[in-house]
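Participant: The lines below spell out each chain.
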Amino acid sequence: MERTLGELAALLGGRLQGPADLVIQGIAAIDRATPRDITFISQKRFARLAAQSQAAAFIVGDDQADLGRPAIIVPNPYLAYAQVAALFAPPRPRWPGVSPLAFVGQGVEMGQEVSIFPLAYIGNGVRLGDRVTVMPGCFLGDRVQIGADTLLYPNVTVLERCQLGQRIIVHSGTVIGADGFGFVPGREGHQKIPQLGTVIIEDDVEIGANCAIDRGALGETRVERGVKIDNLVHLAHNVTVGAYSFLVAQAGVAGSTKLGKGVALGGQAGVVGHIELGDGVQVAAQAGVTHSIPAGQTVISSPARPHKEFAKFNAILPKLPEMYQRLKELERKMAELAADSAEEH
Amino acid sequence: MERTLGELAALLGGRLQGPADLVIQGIAAIDRATPRDITFISQKRFARLAAQSQAAAFIVGDDQADLGRPAIIVPNPYLAYAQVAALFAPPRPRWPGVSPLAFVGQGVEMGQEVSIFPLAYIGNGVRLGDRVTVMPGCFLGDRVQIGADTLLYPNVTVLERCQLGQRIIVHSGTVIGADGFGFVPGREGHQKIPQLGTVIIEDDVEIGANCAIDRGALGETRVERGVKIDNLVHLAHNVTVGAYSFLVAQAGVAGSTKLGKGVALGGQAGVVGHIELGDGVQVAAQAGVTHSIPAGQTVISSPARPHKEFAKFNAILPKLPEMYQRLKELERKMAELAADSAEEH
Amino acid sequence: MERTLGELAALLGGRLQGPADLVIQGIAAIDRATPRDITFISQKRFARLAAQSQAAAFIVGDDQADLGRPAIIVPNPYLAYAQVAALFAPPRPRWPGVSPLAFVGQGVEMGQEVSIFPLAYIGNGVRLGDRVTVMPGCFLGDRVQIGADTLLYPNVTVLERCQLGQRIIVHSGTVIGADGFGFVPGREGHQKIPQLGTVIIEDDVEIGANCAIDRGALGETRVERGVKIDNLVHLAHNVTVGAYSFLVAQAGVAGSTKLGKGVALGGQAGVVGHIELGDGVQVAAQAGVTHSIPAGQTVISSPARPHKEFAKFNAILPKLPEMYQRLKELERKMAELAADSAEEH
Chain A
1093 MERTLGELAA
1103 LLGGRLQGPA
1113 DLVIQGIAAI
1123 DRATPRDITF
1133 ISQKRFARLA
1143 AQSQAAAFIV
1153 GDDQADLGRP
1163 AIIVPNPYLA
1173 YAQVAALFAP
1183 PRPRWPGVSP
1193 LAFVGQGVEM
1203 GQEVSIFPLA
1213 YIGNGVRLGD
1223 RVTVMPGCFL
1233 GDRVQIGADT
1243 LLYPNVTVLE
1253 RCQLGQRIIV
1263 HSGTVIGADG
1273 FGFVPGREGH
1283 QKIPQLGTVI
1293 IEDDVEIGAN
1303 CAIDRGALGE
1313 TRVERGVKID
1323 NLVHLAHNVT
1333 VGAYSFLVAQ
1343 AGVAGSTKLG
1353 KGVALGGQAG
1363 VVGHIELGDG
1373 VQVAAQAGVT
1383 HSIPAGQTVI
1393 SSPARPHKEF
1403 AKFNAILPKL
1413 PEMYQRLKEL
1423 ERKMAELAAD
1433 SAEEH
Chain B
1093 MERTLGELAA
1103 LLGGRLQGPA
1113 DLVIQGIAAI
1123 DRATPRDITF
1133 ISQKRFARLA
1143 AQSQAAAFIV
1153 GDDQADLGRP
1163 AIIVPNPYLA
1173 YAQVAALFAP
1183 PRPRWPGVSP
1193 LAFVGQGVEM
1203 GQEVSIFPLA
1213 YIGNGVRLGD
1223 RVTVMPGCFL
1233 GDRVQIGADT
1243 LLYPNVTVLE
1253 RCQLGQRIIV
1263 HSGTVIGADG
1273 FGFVPGREGH
1283 QKIPQLGTVI
1293 IEDDVEIGAN
1303 CAIDRGALGE
1313 TRVERGVKID
1323 NLVHLAHNVT
1333 VGAYSFLVAQ
1343 AGVAGSTKLG
1353 KGVALGGQAG
1363 VVGHIELGDG
1373 VQVAAQAGVT
1383 HSIPAGQTVI
1393 SSPARPHKEF
1403 AKFNAILPKL
1413 PEMYQRLKEL
1423 ERKMAELAAD
1433 SAEEH
Chain C
1093 MERTLGELAA
1103 LLGGRLQGPA
1113 DLVIQGIAAI
1123 DRATPRDITF
1133 ISQKRFARLA
1143 AQSQAAAFIV
1153 GDDQADLGRP
1163 AIIVPNPYLA
1173 YAQVAALFAP
1183 PRPRWPGVSP
1193 LAFVGQGVEM
1203 GQEVSIFPLA
1213 YIGNGVRLGD
1223 RVTVMPGCFL
1233 GDRVQIGADT
1243 LLYPNVTVLE
1253 RCQLGQRIIV
1263 HSGTVIGADG
1273 FGFVPGREGH
1283 QKIPQLGTVI
1293 IEDDVEIGAN
1303 CAIDRGALGE
1313 TRVERGVKID
1323 NLVHLAHNVT
1333 VGAYSFLVAQ
1343 AGVAGSTKLG
1353 KGVALGGQAG
1363 VVGHIELGDG
1373 VQVAAQAGVT
1383 HSIPAGQTVI
1393 SSPARPHKEF
1403 AKFNAILPKL
1413 PEMYQRLKEL
1423 ERKMAELAAD
1433 SAEEH
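Quick mapping for you: the protein sequence lines, in order, are chains A, B and C.
Just so we're aligned, residue 1093 is where the first sequence starts under the numbering used here, counting upward by one.
Just so we're aligned, residue 1093 is where the second sequence starts under the numbering used here, counting upward by one.
Just so we're aligned, residue 1093 is where the third sequence starts under the numbering used here, counting upward by one.
One or more of the hints may lead you astray.
In the DSBU-like style, the derived pairs of lysine-lysine whose C-alpha atoms are separated by at most 30 Å in a straight line are [what the hints assert, rightly or not]:
#1 C:1350 to C:1284
#2 A:1400 to C:1411
#3 B:1284 to C:1350
#4 A:1400 to B:1411
#5 C:1284 to B:1284
#6 B:1284 to A:1420
#7 B:1411 to C:1404
#8 B:1400 to A:1411
#9 B:1420 to C:1420
#10 B:1420 to C:1425
#11 A:1404 to B:1425
Far from chain C by the CB rule (all over 12 Å, computed), these chain B residues [stated by the list, open to error]:
#12 1157
#13 1167
#14 1261
Selected chain A positions facing chain C (in silico; Cβ < 8 Å) [claimed, not checked]:
#15 1296
#16 1298
#17 1341
#18 1422
#19 1426
#20 1433
FYI, nobody ran anything at the bench for these hints, they're computed from the structure.
Note that CB positions come from ideal geometry on N, CA and C, so glycine has one too.
Sequences and hints are given; from them, build the entire structure.
Facilitator: The structure is reproduced here in structure tokens:
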């Protein structure tokens, strides 16, 4: 696969600077690019690496237009990088049709060009849209539904009746639709509450590796359109994740909590159950959210607090031992003064 | 599947209020129930939703007996909900007998009505009790033992010689019996300590998705009877989890630590190795327990502290910047007074 | 399998104390050893258990040489324990050759004595070194390379083009080479950045169960020689983990961060992206590292701080409510004194 610099400039709608017929065979980071690669500068701090870079050409913003190297000038170099990377990406893994080494249950409905790899298991009554890909080791329980162009990487488990939309990517090891953690506690044994609900994943969601998204106790757990979830994330039963939210690795959300649209959870952040995070709430890495948060707020620490409040006292914490000493010293002086004063009277 | 309200009242041993022959076809949350569903009120704050609910009938406590709707009155509505949910739950997934598409090793002993799905792997010398279910993608290592009525969801791994009791549920992706993390550290390479022990899971335990429970270095890692474990939980080698404990998602317990009976670990809580948590200890979400805790205590924060101690200073933390200013102001005034006083003498 | 005490002493290069022909059939913990087992004392606090121990013999240091029981005296009893455990460990699981129930793609190259279990999937163009073992449920993507003597436990996923070195152990459920979490954020949808890189795992690495190690966006994610990784650990795209580092369970490292050699991350510790931890940095359990750390430092807490700084103020925290009261009391006294002083003038 190769493209000329002129073709790439046209694709990106960017301004060409340099020879249109320069041949580009790949894209690479600025410090690793070879003379056959294009690279990109999306942050000023990387611009200093340009002089030593062996890259054939650069994708840059207007501020780097005077680079003196073959370049394509675009408004958003990072977005342009994503577009060029898509061009040079290897094609998706595909198995031609349904492998005879896969298990396919009864009453399965499949759209066109469905790709089922060897060693996948498709339960009874499953419905798969056009161009769905199910890789080895995947399990689709009875009556699972999956929309067009969705890709399940190897060893994904989707349990019965869960529904996935279109253009979804689920990475390996992720489990969708395991029972929620619901018990009636008792001294001598906790009674299981059967988890009768499902999971609904809307279109254009991507879910990382080894996540766990539990089915609703009653009703559903829902991940709305365009949400992106990193690795090892836990979503408990009846959680709702609002559209276009970002959940970074190892974050967890407890039962029945509702995240608004465009919420961001940092890595290893946790959110307790039965609360609401408003649209656009940002939760810092490792924060622990214990109550509902209004839209637009940024919270940090465990238990989570408004970012500004935390920053102020966090800066003082190292002075605490000194403050303690100064307090004792003041008390000593005060006692002296009080004694002097008493003496005088 | 349907039941009359009278039948449900009899099943629950509850007091019937309304028509005994009312037909119920399912159970649903109060805001989602249709006129064919029964619902329940287990917390007062949901009672206000009753008027608008379309539910055919309600499971309530004595305090809601005057609801004016068909109802079953019981001492514990939440427990009754669990019982009715069990009634309406779909049957467990079952494969009739041993699929010819499963791999079964030599010398495997199976009880009656064992269910082995396609694409499962059963090692040599495995012993399976009556009605054990092993779903696709599961791996049972050599000489694994599993008691009657235990259910392994898809893609569960149980490594050699581990023992699971009766009526256990293991959710997808969980790994039981991987090597513990044991090395003799060295400057140029850490020497692996072979992990010769096993894992023993006692009766009535439930383990969530994508957990990891390591085998003992010597001896065993043990999860006692009735313990409930959520998703993505880590138990290191030689840990003991006491009966009826609750471990919420993403909690982790380091090597050789012993949790007493009825211990609760909140989500993302961590416990260091080689300590003991007494019976009934409660560890808050995200807490980090660094030393043994006596029975009955509740601890919070990282490093973990008694809950009361933490609550007191945590409330003061936001005042820390102000305290610092007030301290400086006092020092200034003290200097003035001291100067005045010196002047006077 | 059995050995005489004399043979074991010779193997360990230790000093024999007691009958050389004493037969040893296993190794066990001091409180569990039977009269057929050898045990060891690696920490003084276990020495008090020796008198009641039924062990046939002991591996001890010079400080326990006067135990009065059959013993082997060595400089490092813990290391000697690891060596004896290796002797009594059951042999690795092996399948003789390539199972006809495995799927093997086209153009696969295999060394000698490769062991492929039933229900494994080997993609096109995969290269496997001598004595590689691939257990059931494993997936190796196209053009994956695996060095000699590497062992993949069941249900491991290695995605296309990733490279594993020699003598590596990967435990069940781990995913190597899923896409990194890379998106260009947008108000109405986040654009995926195709992840074109790979993962390189160097020789002698061990990786626990249910970990996730993402492929580089461009270039590679790299785990250097001899690194040991516990369960449920997350490594994001383009991370480098320096040789002989230790990553304890549930730790996570965000994108492009570089850990030096011999770094230790405690359990549930997190490290943000695009920073560097110098050689030998130690990060306490649950710490959250937000900026680069120079070589040799120990950090703790979230956000992470030097250990000494933290220990000082952490000890004062419980006094904070009392400090607040004392501060108010001082202010009251100061106001009185000031009033007195004003009165006098």
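Participant: Does each hint hold? Answer for all of them.
Facilitator: Hint by hint, here is what the structure shows:
no. : hint             : verdict
1   : C:1350 to C:1284 : holds, 24 Å
2   : A:1400 to C:1411 : holds, 24 Å
3   : B:1284 to C:1350 : holds, 25 Å
4   : A:1400 to B:1411 : holds, 13 Å
5   : C:1284 to B:1284 : violated, 40 Å
6   : B:1284 to A:1420 : violated, 53 Å
7   : B:1411 to C:1404 : holds, 19 Å
8   : B:1400 to A:1411 : holds, 24 Å
9   : B:1420 to C:1420 : holds, 13 Å
10  : B:1420 to C:1425 : holds, 16 Å
11  : A:1404 to B:1425 : holds, 25 Å
12  : 1157             : holds, 46 Å
13  : 1167             : holds, 40 Å
14  : 1261             : holds, 18 Å
15  : 1296             : holds, 7 Å
16  : 1298             : holds, 7 Å
17  : 1341             : holds, 4 Å
18  : 1422             : holds, 6 Å
19  : 1426             : holds, 6 Å
20  : 1433             : holds, 6 Å
Checked against the numbered hints given earlier, this structure breaks hints 5, 6; the rest are met.
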